[in-house]
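There are 2 protein chains.
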Amino acid sequence: MNTIINPPKKDWTQILERPTKTVDDIEGVVNEVFADIQKNGDAAIQKYTQKFDGVSLENNIVSVNEINEAINLVSEELKEAIQLAKENITKFHTAQKTAKVFVETTNGVSCWQEKRPIQKVGLYIPGGTAPLFSTVLMLAIPAQIAGCKEIVLCSPPNKEGKIHPAILYAANLCGVTKIIKVGGIQAIAGYTFGTETIPQVYKIFGPGNQFVTVAKQLSTKHGVAIDMPAGPSELLVVADDSANASYVASDLLSQAEHGADSQVILVSTSKEMITEVEKEIEIQLAKLSRVEIAQKAIQNSKSIFVENDETALELINEYGPEHFIVCTNNNDFYIDNIENAGSVFIGNYTPESAGDYASGTNHTLPTNGFSKSYSGVNLDSFTKSITFQKITKAGIKTIGKSIELMAAAEGLDAHKNAVSIRLKDLK
Amino acid sequence: MNTIINPPKKDWTQILERPTKTVDDIEGVVNEVFADIQKNGDAAIQKYTQKFDGVSLENNIVSVNEINEAINLVSEELKEAIQLAKENITKFHTAQKTAKVFVETTNGVSCWQEKRPIQKVGLYIPGGTAPLFSTVLMLAIPAQIAGCKEIVLCSPPNKEGKIHPAILYAANLCGVTKIIKVGGIQAIAGYTFGTETIPQVYKIFGPGNQFVTVAKQLSTKHGVAIDMPAGPSELLVVADDSANASYVASDLLSQAEHGADSQVILVSTSKEMITEVEKEIEIQLAKLSRVEIAQKAIQNSKSIFVENDETALELINEYGPEHFIVCTNNNDFYIDNIENAGSVFIGNYTPESAGDYASGTNHTLPTNGFSKSYSGVNLDSFTKSITFQKITKAGIKTIGKSIELMAAAEGLDAHKNAVSIRLKDLK
Chain A
1 MNTIINPPKK DWTQILERPT KTVDDIEGVV NEVFADIQKN GDAAIQKYTQ KFDGVSLENN
61 IVSVNEINEA INLVSEELKE AIQLAKENIT KFHTAQKTAK VFVETTNGVS CWQEKRPIQK
121 VGLYIPGGTA PLFSTVLMLA IPAQIAGCKE IVLCSPPNKE GKIHPAILYA ANLCGVTKII
181 KVGGIQAIAG YTFGTETIPQ VYKIFGPGNQ FVTVAKQLST KHGVAIDMPA GPSELLVVAD
241 DSANASYVAS DLLSQAEHGA DSQVILVSTS KEMITEVEKE IEIQLAKLSR VEIAQKAIQN
301 SKSIFVENDE TALELINEYG PEHFIVCTNN NDFYIDNIEN AGSVFIGNYT PESAGDYASG
361 TNHTLPTNGF SKSYSGVNLD SFTKSITFQK ITKAGIKTIG KSIELMAAAE GLDAHKNAVS
421 IRLKDLK
Chain B
1 MNTIINPPKK DWTQILERPT KTVDDIEGVV NEVFADIQKN GDAAIQKYTQ KFDGVSLENN
61 IVSVNEINEA INLVSEELKE AIQLAKENIT KFHTAQKTAK VFVETTNGVS CWQEKRPIQK
121 VGLYIPGGTA PLFSTVLMLA IPAQIAGCKE IVLCSPPNKE GKIHPAILYA ANLCGVTKII
181 KVGGIQAIAG YTFGTETIPQ VYKIFGPGNQ FVTVAKQLST KHGVAIDMPA GPSELLVVAD
241 DSANASYVAS DLLSQAEHGA DSQVILVSTS KEMITEVEKE IEIQLAKLSR VEIAQKAIQN
301 SKSIFVENDE TALELINEYG PEHFIVCTNN NDFYIDNIEN AGSVFIGNYT PESAGDYASG
361 TNHTLPTNGF SKSYSGVNLD SFTKSITFQK ITKAGIKTIG KSIELMAAAE GLDAHKNAVS
421 IRLKDLK
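Chains A and B are the protein sequences, given in the same order. For the first sequence, my numbering gives the first residue as 1, with consecutive numbering after it. For the second sequence, my numbering gives the first residue as 1, with consecutive numbering after it.
Isolated chain A, as found in the complex (with noise of 0.2 Å):
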């Protein structure tokens, strides 16, 4: 880790950019790959899956049989904790319904505003060495709750043309209603245009490579809603000396392993913090599986010391963390000042990890900054808000000369005169 004392204001921009790449160099092949499958549908899936994930299939929907499989295939206490997950994550995002919100707001015009779901929404799992079944439950379950008609799942086979039967365990726990054997930008492809077996959806969630996040981001160019735009994970922690030094090197690392352009920064009013959390860090490292991953993202990362806890504040509301983990004897400071995050981890005994699987709060979090002005997924995600307006006689009689007024001064006559022919009945 870089280790950088009391930056100067100036210098904060620099010190706290990510390591995100550009990604005009990609557009050329998703564009092509969304023309593609928009003119010439399953055809064009089946020969991209081939293409990039090596594998011919005929019939890419998951079929009963496979899910079966899949649930003979994860162990009896996998199960138990994707049901503990599970549990928790249900009554998180249950808890997060809203009443209809009613108000006369002048008498006789009755206003009130209500959620319904998203009728049609797809979900996309990466494939790969890890598969995010987590994401699964992160994404089906709030669907689920929602009320969501179409939950459609979209991952890439294997070069056996199969899913991770963990992934298709947890789809089919959570109520998906279709998955489907696709990857990368023909997925999402799939989900923009609809072809005979991928259905056309609403809104798209879910992580992915850089082609994956190009191609949502197209998506949106042809009237379909994605979850947020991503970017590399990151996870920022304040520690002083209440902090335990090995606890906070295991969840930078924790994060540091998502990959070598994740990006990890600790910040901190004790110096002597810093420099336990880096020994741990060379301690726990050498242990790891995915070395080579966290060792590249944690060179790229940064220790910060600071004289206080404001100035740590002020720096953390810049950066705007995914993750951020707060362990201080100073924690309701942060709680109650924190700006920008995604989730926040609060104290010795909460590690990011528990958010990533099983404590109850989302996993899908902005990144890059992005937690200044989007949520994480939540209930809402899969919801929007309609309002409702009815007004009476006396209503539209009580209101109806200053919409007369603001339509005119607008200079929007027919406006004005949906009101006037109603008036004048009403004389």
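Any given hint could be a false lead.
[Unchecked claim] So the derived label-pair ranges between C-beta atoms look like this:
no. : chain 1 : residue 1 : chain 2 : residue 2 : range
1   : A       : Ile15     : B       : Lys97     : 34 to 42 Å
2   : A       : Lys39     : B       : Pro8      : 20 to 28 Å
3   : B       : Thr94     : A       : Lys279    : 47 to 55 Å
4   : A       : Lys159    : B       : Asn31     : 53 to 61 Å
5   : B       : Glu80     : A       : Lys178    : 53 to 61 Å
Derived from the structure by calculation, the hints contain no laboratory data. Backbone N, C-alpha and C fix where the C-beta goes; we use that ideal spot for every residue, glycine too.
Once you've looked at the hints, dock chain B against the given chain A.
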């Protein structure tokens, strides 16, 4: 209007197609302006204001004097109308505040969700013939209620270098912190990169022409959030024999006057009502000041007869109208079952223009079918939710094993280790 009787379902997509233009051809100019402003800041802003708005401004920040002048120029009766609208909008949006959601998902595992304001927001208000001060109310009021710190407003200057007094009056009344005379692509680029005078913001709100729309979309590539994608305004009315044909006609026309590309649709289970409404449109149209615009929009518009309410509802949900007026004997059926709509207006005395100005609901709504996945602007549009979690020793002992199992199954060693290292100490 084009009347369509009992269209078969296979034709719905084509019948409901919106008159949206492609935006590809203006991306070039938008990219160019963005690059210039990123590099040259205010100097470039000034250049484009000269080029696009035809005025050279030495200082584009609206002064206290200009605001005082504007306050004097707005008539007392318009001020009163704005005040009434402000009160209703304030009531409805204040009621949308949500309490902290707190759940102890497992003994010793506390999770909660809190909304925090987006610190810096940029509002865009178009210039042109109609001074949209009502949109100032719809954006600045919820921003202020949410607690946004910086609420900036950009609007293009007219040839005299001024912004319409009603816009300045409304902005000052509703807590806008800085008003800048800059419009179009250059305003959005300014919000995206920041210049010497325009602050970089985290989220951009507000309507605009196609250039502004494309610029907003491009800003998302640079990490700025936007309220929603935009398209031409639209209204769908469902009416049966219980409706008043002249009221329905007045509502359709109030939408049609927005622009030649506005779309209005009448769906009815009564052929007589369709005939009457079309007659009424002809009568009322002739008297409008914006007759040419409204006429063009009406030419593109459709009256659709369907056999029953169920078919009507299905068709309406497929369309997902921005504004949806319900005037039938069966209103509750539509209210209960509408899945996709921006804002719903119920009964004979609830003209759409009520929601545009003064009922209290927001008028910044999803067009172009985006109501399938997007909410209209509401209080939450100016906040993001942050999740928090705090786990006790007992808590991590209860859920720790599950986290270890899941992390191991995903091949994420360091995630597992962050829990193991704590559990070991607690044995």
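Broken hints, by number: 4
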